[in-house]
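Chemist: Sequence:
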Amino acid sequence: MARQTLVLDASVGVKWFSAKGEAALQPALAIRDAHVARQTQIVVPDLFYYEVANAIVHKKFIPTEAVQSAVANMFALGLSAVSIDSELLAASVELSRQFDITVYDACYAALAQKYDCPLVTANPRHQGQDLGCQVIPIEEWPQEL
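Each residue of the sequence shown is one higher than the one before, starting from 1 at the first, in the working numbering.
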């Protein structure tokens with residue numbers, strides 16, 4: 001069976017390290033576990049690491065040591081991180097303008113287009129939009145597949 005490729009945005013990655021009050025935690029953990037079990041390949045822009053770390057560092061209930069541990073664990077997962085290049089950034093700018101979303105958010109959709117795979121997100125602004133790739137709300141994982 002071929003390994004499925006997914007692009008995850010940071011809204012899903014945050015759930016891995018900030019379980020308190022997180023909706024759709026189970027599907028987010030299931031995707032992470034499928035990646036660890038090599039059933040799924042998670043592809044992210046390198047921006048993902050900054051965004052997840054930024055989100056969890058601002059959750060005051062998470063101690064600094066736990067944030068540092070989360071950062072180390074994020075890298076230990078072996079996600080396929082893609083560095084930004086002019087082509088990916090240009091596609092992100094186009095999507096940003098077209099859909100009135102941030103360039104940061106558009107980067108995930110551009111990456112999903114590049115890899116011709118779904119984008120899984122917990123960001124309600126992206127759900128229901130045709131961003132040029134299949135967008136799967138985390139709450140619908142894995143029923144859509």
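Among the hints, a few may not be true.
To be verified - For lysine to aspartate or glutamate, the following EDC-like pairs were computed, each having C-alpha atoms within a straight-line distance of at most 20 Å: (1) Lys20 to Glu65; (2) Lys20 to Asp46; (3) Lys59 to Asp100; (4) Lys20 to Asp130; (5) Lys114 to Glu94; (6) Lys114 to Glu87; (7) Lys114 to Glu139; (8) Lys114 to Asp130; (9) Lys60 to Glu22; (10) Lys114 to Glu65; (11) Lys60 to Asp46.
What the hints assert, rightly or not - So the derived label-pair ranges between C-beta atoms look like this: (12) Gln39 to Glu140: 28 to 38 Å; (13) Val57 to Thr102: 15 to 25 Å; (14) Gly21 to Val71: 29 to 39 Å; (15) Asp116 to Val93: 37 to 47 Å; (16) Ala37 to Glu140: 35 to 45 Å.
Derived by calculation from the structure, the hints in this document are not laboratory data. C-beta: ideal position from N, C-alpha, C; glycine also.
Chemist: None of the hints should be skipped; say for each whether it holds.
Modeler: Here is what the structure says about each hint:
no., hint, verdict
1, Lys20 to Glu65, "17 Å, holds"
2, Lys20 to Asp46, "25 Å, violated"
3, Lys59 to Asp100, "27 Å, violated"
4, Lys20 to Asp130, "31 Å, violated"
5, Lys114 to Glu94, "14 Å, holds"
6, Lys114 to Glu87, "10 Å, holds"
7, Lys114 to Glu139, "24 Å, violated"
8, Lys114 to Asp130, "15 Å, holds"
9, Lys60 to Glu22, "15 Å, holds"
10, Lys114 to Glu65, "36 Å, violated"
11, Lys60 to Asp46, "24 Å, violated"
12, Gln39 to Glu140: 28 to 38 Å, "18 Å, violated"
13, Val57 to Thr102: 15 to 25 Å, "19 Å, holds"
14, Gly21 to Val71: 29 to 39 Å, "21 Å, violated"
15, Asp116 to Val93: 37 to 47 Å, "20 Å, violated"
16, Ala37 to Glu140: 35 to 45 Å, "21 Å, violated"
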